[in-house]
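Participant: Each chain is listed here by its residues.
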Amino acid sequence: MLQQNRPAGEFIAGMRTIFPLIVAVLPIGLVFGAVSATEGLSPLETTLMSAFVFAGGSQFVAMDIWTHPASWIGVGFAALLVNIRHVLMSASIGTKMQSFSSVKRYIAMLFLADELWAMAEFRAGSTRLTPAWYAGIVTPFYLTWVGSSLAGALLGAFLGNPAVIGLDFAFPAVFVVLVMGFWKGPETGAVLAASAVASVTINHFVPGVWYIAAGALAGLATALWQGRAKEQAT
Amino acid sequence: MMLDLNTLLAILAMAAATILTRVSGLVLIRYVEIDENRRTAIEAIPPAVLMAVIAPTAFATGWAETLACAVTAIAASRLPMLASVVLGVATVALLRAAGL
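As given, the protein sequences belong to chains A and B, one line each in that order.
Residue numbering for the first sequence follows my numbering, starting at 1 and increasing by one per position.
Residue numbering for the second sequence follows my numbering, starting at 235 and increasing by one per position.
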């Protein structure tokens with residue numbers, strides 16, 4: 001009995017955890033749908049993109065550089081570049097998936113959007129990460145993203161500018177909260193500082209989305225350097 | 235509903251690129267041995283990636299965003315996530331309305 005209830009309980013716990021992000025992703029999905037409509041995508045095409053790609057950042061970038069006819073090389077390469085951080089993210093969360101079978105690990109990775117990854121990392125920091133809990137955060141988030149993209153594509157121009165009521169700030173705010181949660185002391189401070197400086201600098205001088213990779217690698221390099229310095233000290 | 239072949243190809247290319255990045259980290263840790271040093275580095279990935287994503291918004295967009303990030307960060311140490319996020323969004327909306 002208890003064995004049977006456990007996955008269901010974990011699934012519901014996951015759904016509860018992701019609720020604030022559902023509220024945050026809904027307007028973003030609507031905006032994405034509306035933007036894609038102005039770029040000439042049909043509601044079906046918009047929905048397919050959200051369902052197959054499921055990576056908001058790269059989808060917005062694709063809309064930014066969209067051409068007619070669409071260039072698969074252009075948007076494909078852009079997606080690779082925007083999402084290159086996912087390599088680090090999946091390497092990191094992959095070490096915390098002991099309760100996942102090999103197949104489940106790969107399936108889980110297909111849904112590794114920033115927000116879901118961050119919540120999973122946070123969860124793994126305090127308790128065991130289970131497939132049921134992960135499914136609990138993925139399912140409503142995925143359905144909301146795809147559904148709100150479709151709704152945005154259908155509603156199109158009826159939607160106002162989300163910046164007026166600050167909704168575009170919902171995700172940066174979530175990320176700020178999560179960053180604070182990963183604080184482990186001065187070492188984290190150095191990693192954050194290196195990442196921030198590299199990200200802001202590259203964002204200022206290099207067009208495109210190289211700043212994310214630059215910041216992530218600067219933070220990673222700092223952590224490696226700290227590890228080596230500690231090794232030599234002992 | 236219409237579906238253009240070039241658009242479909244572009245969507246599939248984006249999906250393939252995204253899946254490649256999401257799966258390759260998992261493949262990487264399977265074939266690379268993880269020692270103490272690498273573990274420390276992997277633990278630094280979440281804050282490093284998150285900061286890289288938000289840094290331009292937090293430090294180089296405008297005073298409204300910078301102050302709202304600060305408010306959110308301070309709130310995060312005392313309040314639950316949803317409350318901190320709502321406070322951050324309200325702050326940015328107010329400051330923008332005030333013309334910052």
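These aren't lab readings, by the way, just hints derived from the structure by calculation.
Hints are supplied without guarantee of correctness; some may be wrong.
Examples of chain B residues lying across from chain A (beta carbon under 8 angstroms, computed) [claimed, not checked]: (1) Ile245; (2) Gly259; (3) Leu301; (4) Ala310; (5) Leu334.
Straight line, CA to CA, 20 angstroms or less: simulated DMTMM-like cross-link-like pairs of lysine to aspartate or glutamate [stated by the list, open to error]: (6) A:Lys230 x A:Asp168; (7) A:Lys96 x B:Asp269; (8) A:Lys96 x B:Glu267; (9) A:Lys230 x B:Asp269; (10) A:Lys230 x B:Asp238; (11) A:Lys96 x B:Glu270; (12) A:Lys184 x A:Glu231; (13) A:Lys184 x B:Glu270.
We put the CB at the ideal spot given by N, CA and C, even for glycine.
Participant: Compare the distance between the alpha carbons of A:Lys96 and B:Glu267 with 20 angstroms, and conclude whether the hinted pair is satisfied.
Facilitator: holds (15 angstroms)
Participant: Go through the hint on B:Leu301 and say holds or violated, using the shortest Cβ distance to chain A against 8 angstroms.
Facilitator: The hint is violated - B:Leu301 has no Cβ within 8 angstroms of chain A, the shortest such distance being about 11 angstroms.
Participant: Holds or violated: B:Leu334 as interface residue toward chain A, Cβ cutoff 8 angstroms?
Facilitator: Given a least distance of 12 angstroms, the restraint on B:Leu334 is violated.
Participant: What's the verdict on A:Lys96 and B:Glu270, does the C-alpha distance respect the 20 angstroms limit or exceed it?
Facilitator: Within the cut-off at roughly 15 angstroms; holds.
Participant: Does the alpha-carbon distance linking A:Lys96 and B:Asp269 stay inside the 20 angstroms limit?
Facilitator: holds (15 angstroms)
Participant: For a C-alpha distance cap of 20 angstroms, please report whether A:Lys230 and B:Asp269 respect it.
Facilitator: Answer holds: A:Lys230 to B:Asp269 is near 14 angstroms, not above 20 angstroms.
Participant: Within a Cα-Cα threshold of 20 angstroms, do A:Lys184 and A:Glu231 meet the stated pairing?
Facilitator: Holds, at about 19 angstroms.
Participant: Run the distance test for A:Lys230 versus B:Asp238: straight-line Cα separation, threshold 20 angstroms.
Facilitator: The hint is violated at about 57 angstroms.
Participant: Taking 8 angstroms as the limit, does the beta-carbon of B:Ile245 come near enough to a beta-carbon in chain A?
Facilitator: holds (5 angstroms)
Participant: Is A:Lys184 close enough to B:Glu270, meaning Cα to Cα at most 20 angstroms?
Facilitator: Distance ~17 angstroms between A:Lys184 and B:Glu270 Cα, so the pair holds.
Participant: With 8 angstroms as the cut and Cβ atoms as the points, is B:Ala310 at the interface with chain A?
Facilitator: This interface hint holds because 4 angstroms falls under the 8 angstroms limit.
Participant: Can we keep the B:Gly259 interface hint, with Cβ of chain A closer than 8 angstroms?
Facilitator: holds (3 angstroms)
In this structure, the earlier hints numbered 3, 5, 6, 10 are contradicted, and the remaining ones agree with it.
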